[in-house]
Amino acid sequence: MHELTYAQAINEGIREEMRRNPKTMVLGEDVGKYGGVFGVTRGLFDEFGGARVRDCPLNEAAIVSFAIGLAIQGRPTIAELEFMDFTTFAMDSITNQAPKLRYFWGGQVSVPLTVRTPIAAGLGFGTQHSQSLEAWLVHVPGLKVVMPSTAYDAKGLIKTAILDPNPVVFAESIALYATKGQIPDEEYLIPFGKAEIKRNGDDVTVVALGLMVPKALKAAEELAQRGMEIEVIDPRTLAPLDIETIVASVKKTGRLVIAHVASKTGGIGAEIAQQVVERAFDSLDGPPVRVAAPDVPIAASAQLEGAIIPDVAAIVKACLSFRNTRA
Amino acid sequence: MTLSAEQQIEALRRMWQIRFFEEAAIRLYGEGRYRGSTHPYIAQEATALGVCAALKPADQVLATYRGHGAAIAKGADARGMMAELLGKATGMCKGKGGSMHMSQTDVGFLGCNAIVAGHIAIAGGVALAQQLDGTSAVTVAFFGDGASCEGVFYETLNMATLWKLPLLFVVENNEYAISTHVSESISVPDIALRAQGFGLPGVTVDGRDFYAVYDAAAEAVARARRGDGPTLLEAKTVRWGRHSAVAAGPGGANVDKWKLTDPIPRFRQELLQRGVVGEAQAIEIEQSAKAVIDDAVAFAIASPYPELTELYTDIYA
Ligand SMILES: Cc1ncc(C[n+]2csc(CCOP(=O)(O)OP(=O)(O)O)c2C)c(N)n1
Ligand SMILES: [Mg+2]
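If you're matching them up, the sequences are chains V and W in order. The opening residue of the first sequence carries number 332 in the numbering used here; numbering runs sequentially from there. The opening residue of the second sequence carries number 3 in the numbering used here; numbering runs sequentially from there.
If we strip away everything but chain V, and leave its shape as in the complex, we get (with noise of 0.2 Å):
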């Protein structure tokens, strides 16, 4: 075991992948020498190079439809975006061209691609830079997203993201770059579609995405002094959904709570509350709960963020609305 970082365990995971395939890129802005605004990408232009850890020009359209070329090619690529609000310049590629191309050329290529984009919500940058835009993503066929909470499964899941012949969005989140994990010496990769129990519980289903798995592991330890137990569910990718899981924790436990950063509406909180409505109705007992962001942009004052970005108190209180539910 060695300890890392959440940053510097996917730093690790592009690092075996490049080195297990020579063809393996990196494409972005400041990726290069600089290491990644965020510093995930340091050391891998030393070690394989400036063709294969390429520094481009401020255009993130044609960043991930170089990536598509290569990956069409023959040769996985990962894309940084450096905010996945900076998605928005490169939707084409990422809704129209990676996730299309095999479908509609009848299977004649395949896309090795993952683009890597983290989320700054929580961190004060302002509306422009701390977007949580995985529904629009997760809503486009042929794409899988992934949103990784730990150290620990951000390594097994970037490389499986690289290793996957398929265009991933890989949705990081800022405020957890520093949180440190153990990981394992010898080489590990977590498959997609598998959700991780977090914690285990009886009284209410809490699926957590990204930041917010923390804050609802926080909340299990409040909640377990006030006599009440949660079972925390990281789906881990969106898409695919395990929602085997998510339905046979609501089966024990007839509650759901859903928690996410991005805004309410339209959110994949709604998205799973549908599902296991859908397959678990008779087992719930009231409606499942959303923990979101309001439906406002992002303010950058502490003070107006902080009221937007859902915390662990707001966690704790959903959980408690469904204590007079049950005899």
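Hints are not guaranteed to be accurate.
[As the list claims (entries may be wrong)] Only pairs whose alpha carbons sit at most 27 Å apart, straight line, appear in this in silico DSSO-like list of lysine-lysine:
hint, chain 1, residue 1, chain 2, residue 2
1, W, 166, V, 354
2, V, 511, V, 525
3, V, 354, W, 58
4, V, 583, V, 529
5, W, 292, W, 58
6, V, 511, V, 364
7, V, 511, V, 583
8, V, 549, V, 525
9, W, 166, V, 364
If you are wondering where the hints come from, they were derived from the structure by calculation, not from laboratory data.
Since chain V is already given, all that's left is putting chain W with the ligands on it; use the hints.
Chain W with the ligands only, in chain V's frame:
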């Protein structure tokens, strides 16, 4: 580099194939044999053939929704294309692509793309892969005057020039983007002038003149193979017909005049004058091209539609 008689004859044959393919596509649309739309390559045939005559099988071509010409020029199979048009299981993309998404990767045709300019940066990535592979293969991106207004074109011009990629940008200036004339959309008289701001060669040729296109393309391809980077080649023509099966054409008094500049009779005449073919052979070339397309139409019509299970295949590798 000069072309052999055989290559020139093959070019004429394929120009006719494109023309007959597109005429059949328009006819079949009118007969209600497929839905959506189709974007004829009529009046631009000499450009696809002039460029592709300078290419080798390992070179890659990416094109737009008006890409049937590039497909045939790069060697795509007419039966597979026609069946694709009609949405049949025997289509080159199993009927999932249709008119605007044809592709045949085994001949180096990396497909049509229906997002205007969406393929240009993908072509950049393909060219980067070729450069890294260390072969002398090149990539061609065909696109229109309208596409030359999209931002991603400029992103790619910059990156490809910066990295000296083996890429040929072929802008087919047919004067129109649906209804918008270039005089209303482009700030320079020649789109090739855009190259000046990016530091790559920009060349304008008559896109209806096979030899002019070929000469310019051959030079650009040679430059790319040498590792000297991309070229922006502008091929001028006028689309006298409809933008698509469902959208109108320019119309007006000029149409008859434009038709006189038809690139195919012109090339045919040049081959006769140069003594590459005689009249009898010229007729045979045209007729055999017609036969290839007639056969493709019959094949496509007789082919079955895809099974519904195909809906769920080819999404993920
Ligand atoms: C991004 C995008 N914008 C708009 C369209 C609709 N559209 C299809 S073709 C076209 C005109 C393109 O003109 P040009 O690039 O000159 O190519 P041409 O059709 O003349 O071959 C437009 C606006 C589209 N398909 N994609
Ligand atoms: Mg045009």
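Distance restraint between residue 511 of chain V and residue 525 of chain V, which requires alpha-carbon spacing of 27 Å or less: Measuring from Cα to Cα gives roughly 22 Å; hence the hint holds.
Within a Cα-Cα threshold of 27 Å, do residue 583 of chain V and residue 529 of chain V meet the stated pairing? holds, 16 Å
Take a quick look at whether residue 511 of chain V and residue 583 of chain V sit within 27 Å of each other, Cα to Cα. violated, 32 Å
Pair hint outcome, residue 354 of chain V versus residue 58 of chain W [Cα-Cα no greater than 27 Å]: Distance of about 24 Å is within 27 Å: holds.
Given the proposed pairing of residue 511 of chain V with residue 364 of chain V, does the C-alpha separation stay at or below 27 Å? holds, 25 Å
Are the Cα atoms of residue 166 of chain W and residue 354 of chain V separated by 27 Å or less? holds, 20 Å
Can you confirm whether the C-alpha distance between residue 292 of chain W and residue 58 of chain W stays at or below 27 Å? holds, 25 Å
With a cut-off of 27 Å on the C-alpha distance, tell me whether residue 166 of chain W and residue 364 of chain V pass. holds, 21 Å
For the pair supplied as a hint, residue 549 of chain V and residue 525 of chain V, confirm whether the alpha-carbon distance does not exceed 27 Å. holds, 23 Å
In this structure, only the earlier hint numbered 7 is contradicted, and the remaining ones agree with it.
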